[in-house]
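**Q** Those protein sequence lines, which keep their order, are chains A and B.
Each residue of the first sequence is one higher than the one before, starting from 39 at the first, in my numbering.
Each residue of the second sequence is one higher than the one before, starting from 4 at the first, in my numbering.
Treat the hints as calculated values from the structure; they're not laboratory data.
Warning: the hint list may mix true and false statements.
[Claimed, not checked] No more than 20 Å apart at the CA atoms, straight line, and that leaves these computed lysine-lysine pairs for PhoX-like:
no. : chain 1 : residue 1 : chain 2 : residue 2
1   : B       : K163      : B       : K179
2   : B       : K175      : A       : K48
3   : B       : K133      : A       : K48
4   : A       : K49       : B       : K175
[Said to hold, decoys possible] Simulated DEER-style distance windows between Cβ atoms:
no. : chain 1 : residue 1 : chain 2 : residue 2 : range
5   : A       : A101      : B       : G18       : 34 to 44 Å
6   : A       : N40       : B       : T116      : 41 to 51 Å
7   : A       : A104      : B       : A117      : 43 to 53 Å
8   : A       : A78       : B       : A33       : 24 to 34 Å
9   : A       : G60       : B       : G7        : 21 to 31 Å
10  : A       : A101      : B       : A20       : 42 to 52 Å
11  : B       : G7        : A       : A104      : 28 to 38 Å
12  : A       : D77       : B       : E73       : 25 to 35 Å
13  : B       : R70       : A       : L102      : 35 to 45 Å
14  : B       : R70       : A       : N40       : 14 to 24 Å
15  : B       : L85       : A       : S62       : 14 to 24 Å
These numbers were taken from a predicted model, which means no experiment stands behind them.
Quick reminder that beta carbons are idealized off the backbone N, C-alpha and C, glycines included.
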Amino acid sequence: MNEDDQDRMKKLLQQALPPVEGDSEARGDLWPAVLRRLDAQPATPASAVWAWFDGALAAGLVALIAFSPASIPVILYYL
Amino acid sequence: MQSGESYVLNQFQQGDASAFETLFHQHQRAVYLWILRITRNPAAAEDLTIETFWRIYHAHARFEPARGFEGWARRIATRAALDWLRARRTENNLSTEMLAEVAAPVETDPAVTAETRLKTAMAFARLPPKLRIAATLAVIEELPQKDVAAALGISVTAVKLRVFRALRLLRKDLEKQGITP
Chain A
39 MNEDDQDRMK KLLQQALPPV EGDSEARGDL WPAVLRRLDA QPATPASAVW AWFDGALAAG
99 LVALIAFSPA SIPVILYYL
Chain B
4 MQSGESYVLN QFQQGDASAF ETLFHQHQRA VYLWILRITR NPAAAEDLTI ETFWRIYHAH
64 ARFEPARGFE GWARRIATRA ALDWLRARRT ENNLSTEMLA EVAAPVETDP AVTAETRLKT
124 AMAFARLPPK LRIAATLAVI EELPQKDVAA ALGISVTAVK LRVFRALRLL RKDLEKQGIT
184 P
């Protein structure tokens with residue numbers, strides 16, 4: 039795709055999805071909702087989240103690379 | 004003697020709730036608008052603004068006052084919006100929400116039909132969220148690439164690459180539908 043193609047695609051995208059109005063605001067003060075959220079949901083320790091999700095993801099990636107080294111460029115492309 | 008702003012940032016870093024409230028009221032509008040630009044959905048932008056400040060509060064110990072609050076908050080907001088895009092089915096209510104509700108008035112090109120605009124919006128929503136965010140901020144919102152890079156935590160070169168990939172995938176999708184941009 040050359041620069042002209044890119045410019046055409048950008049213009050088409052801007053026609054399809056115009057930018058958001060710069061003066062858009064929330065419908066009201068969100069502070070009470072933030073307070074409710076803080077009361078309702080104390081923080082989850084980041085280490086607990088890492089333990090199952092990132093561990094599983096890392097194990098999956100290692101297994102994929104071990105069984106299929108050809109997948110390395112694909113993984114790098116999607117990083 | 005610290006300036007007022009520097010004092011508030013330092014107090015927040017130490018977990019002071021009133022400093023957090025001050026920062027919330029200073030930055031909630033900017034955070035909301037930033038998220039709205041990414042999601043184009045006012046209700047989601049409100050929820051994600053709340054989520055962002057919840058994350059901000061719990062991350063106060065990692066905040067570095069010398070680096071400023073706005074950019075840090077923007078990075079957290081971007082991650083929250085990215086999580087939302089990933090979790091969501093892309094085409095739900097897309098046409099109404101993306102095309103009308105939050106968009107600024109724009110002079111439409113008569114050569115581009117309403118159907119083409121709709122199909123382009125739908126195809127754009129099918130892009131991988133990471134590419135979509137980069138293209139939304141850099142192409143649709145025309146924000147400086149260095150700001151986009153900072154918000155996404157990547158280099159300017161990586162932003163350019165993601166925009167390029169987004170446009171290429173978008174063109175392929177449209178060509179499959181018989182639309183030649």
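**Q** Are the hints correct? Go through all of them and say.
**A** These are the hints, each one checked on the structure:
no., hint, in the structure
1, K163(B) x K179(B), "25 Å, violated"
2, K175(B) x K48(A), "14 Å, holds"
3, K133(B) x K48(A), "17 Å, holds"
4, K49(A) x K175(B), "16 Å, holds"
5, A101(A) x G18(B): 34 to 44 Å, "41 Å, holds"
6, N40(A) x T116(B): 41 to 51 Å, "25 Å, violated"
7, A104(A) x A117(B): 43 to 53 Å, "51 Å, holds"
8, A78(A) x A33(B): 24 to 34 Å, "25 Å, holds"
9, G60(A) x G7(B): 21 to 31 Å, "27 Å, holds"
10, A101(A) x A20(B): 42 to 52 Å, "45 Å, holds"
11, G7(B) x A104(A): 28 to 38 Å, "56 Å, violated"
12, D77(A) x E73(B): 25 to 35 Å, "26 Å, holds"
13, R70(B) x L102(A): 35 to 45 Å, "36 Å, holds"
14, R70(B) x N40(A): 14 to 24 Å, "39 Å, violated"
15, L85(B) x S62(A): 14 to 24 Å, "20 Å, holds"
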